[in-house]
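Which chain is which? The protein sequence lines are A and B, in order.
Residues in the first sequence are numbered from 1 upward in steps of one, following my numbering.
Residues in the second sequence are numbered from 298 upward in steps of one, following my numbering.
Take these hints with a grain of salt, some might be off.
As the list claims (entries may be wrong) - With the C-beta cut set under 8 Å, the calculated list includes, among others, these residues of chain B facing chain A:
(1) Leu375
(2) Gly569
(3) Phe622
Derived from the structure by calculation, the hints contain no laboratory data.
From the three backbone atoms N, C-alpha and C, an ideal C-beta is built for every residue, glycine too.
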Amino acid sequence: MSILINRYTRVLIQGATGSQARFDIKYCLEYGTKIVAGVTPGRGGEHVEGVPIFNTVDAAVRATGANASAIYVPARAVGEAIDEALDSGIGMLLSLAENVPRHDAARTVARVRRAGAHLVGFNTNGLISPGQCKMGGIGGDRTDAIYASGRIGVCSRSGGMSAEISYTLKQAGLGVSTAVSMGGDPIVGLRLVEVLRMFEADPETDASVIYAEPGGTHEAEVAEAVRSGQLRKPIVAIVVGVFQERYPRGASFGHVAAMIQSDADSASAKRQLLEQSGIKVATLLDEIPDLITRALS
Amino acid sequence: MRLLEDKSKALLRQVGLPVPRGELARSADEASRLAQALAGPDERVAIKALVAAGRRGKSGAVAVCKSAEAAEVAARILSLTLDHKQVEQLYIEEAIDIADEYYLAFAFGDLGPRVVVSLRGGVDIEAVAHESPKALVNHDIDPVEGLRNWQAAALWDQAGAPSDQIPGLSALTVRLYAAFRDNDSQMLEINPLVRTTQGDWAVVGTMMEVDDNALFRHPAWQAQADETAGPGGRPLTLGERQVEEANKRYAGGATRYIELDGEIGLLVSGGGASLYQHDLILHYGGRPANHTDFSPTPTPDKQVATLEAILDRPQVRGLLVGCNFLQLARCDIMMQALEIVLERRSVDTRKFPIVVRLFGPYEPEARAIAARFPGINYLPPGASLAQACEAIVNAVRQRDGPSSSSREHKT
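Let the sequences and hints guide you as you build the complete structure.
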């Protein structure tokens, strides 16, 4: 099993005729993702890599039974695109563009929650349930070299670090149930603690690896959920960005969200918080497989 | 982007909010003329340095004086330097007779918009938050429903506002939230929000930061973007400005480039991997000359500009091109950028250490480019980010000898 997407997921691509979408559609189809439709208003009737393009999400859903959407429209149009998908009853959304205007992001996430849907992103490279389905650019042209199928959940703000973690696991003979790149914008849909609750409930996930960086309150929520016993499966974290504490507050180095605004936001503070809750914390990626193996034995 | 006081007040005035009259002045003479138009010679005006820096009051950059004395006071404030910048503009405003000073702010948490109110306005709010956190009342705002009148009333009630002031305060709060939202602001702080001795309301101190990502909805803001500030408010360096220019000129995601004082140039990508590699360079005993985080681009132009900025600095003694497994971008475009810059600058790659960790689409093409430059260490498939960081730190150390880092430290 897996979380969020699996072999039965029927994927729709909004903004399917743009160059990044075309690039990703090719690799997703090669991987085996069931991409059943694309939507670009005004381009209905065309095809991208053999995938039929529709003018509206509604038409695409009625014709193909799509139940998940990967949204490739530019940041300024993301709010509208997600509203359109929700209106057609799509329950799983992936939003790739970065720098979505903050007010749009907040309103959109609130609407998604009200609809009971799941949004991964903004500013994500996607998610993958290895061997079953991937959405977004995750894995690129060498998905199998990076993501092996297995029983470890991966969740990270950074798409690149999702890959590095999964690759490190694979080299140690471990595999991934689902890897979720949550997105690097300050406001995102699914929160880290929500993804971990899904892993907790998934009978085919034994443990999780998370990537943490300065900024935001995701890790504090995770630490609290572990302390209160909501999360019982082992979690290993890698915390990066310690160097940022050498520079002035308010400076943002990686993701815009990776900004130290208060002492609780720093990598060292997060490391301490996670360790105190019982989560094992790695400094180097190479330490992760060992920590996982020991936690599971 | 932080708007200066004249601009933020103009936006609030436009929607009918009670903002004191005021105008921008560029000289002491102009300040004096404006002051006399606002108030009689014995009446008071406020003269403020028009700068993005906070806490101007503490730096002596805000003064209230008789309008007859405006020229003298303006000349003094124009002689100040705040946050590395000479004061060049003033804001001349009618003085307000203050009865009560309150605090109101809108900002974002990572869940959505929030509002903070307090009766302790007109002072440093961080100090208030530290000494008596209960004096601040926080509330999440539902971004779909917006802020409703009764919710605002409840906040001021909880903060302890006198009953007869609550209707006025809550109406003002709702209108200011609408201004915050409609102007795509990330932050709007009113400190102080004033009740005058005549019983009117006045929005006296404003700090407004608008969302750069929403500039497309507000073309008028573009003109006044202050793009000269680096981390911690320091001015941008020449190289940082060059990269900013390239960001505007060429397509694709923005490159973040921040100059630091170490010796290892970093052309690294990935919001997470760039942080990880920076940690690792320090871990292995090196010091980054810069931080970068670049996004995939359809052409090499932005990476060329970034590499030029990195290699322009004489302190740079080695270069790491390090990326996580590329999943969206082409490796060869990155190596084309390196090729262009190495050739243009006639860099001897046998003497200048370069480590490349670049795996993904078009990797064979990228390796073919690297092979044309003897000495470039393009790591074999599967090498870790940690190995790449260790390799460049060691290569620079071997080339320079152990004394290099201490020598560098003095510059």
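Given hint leucine 375(B) near chain A, where the shortest CB pair must fall under 8 Å: violated, 27 Å
Status of the phenylalanine 622(B) interface restraint (C-beta, 8 Å, chain A): OK, holds: phenylalanine 622(B) within 8 Å of chain A, min 4 Å.
Hinted contact glycine 569(B) with chain A - closest CB pair below 8 Å: holds, 3 Å
In the structure shown, a violation is registered for the earlier hint numbered 1 alone.
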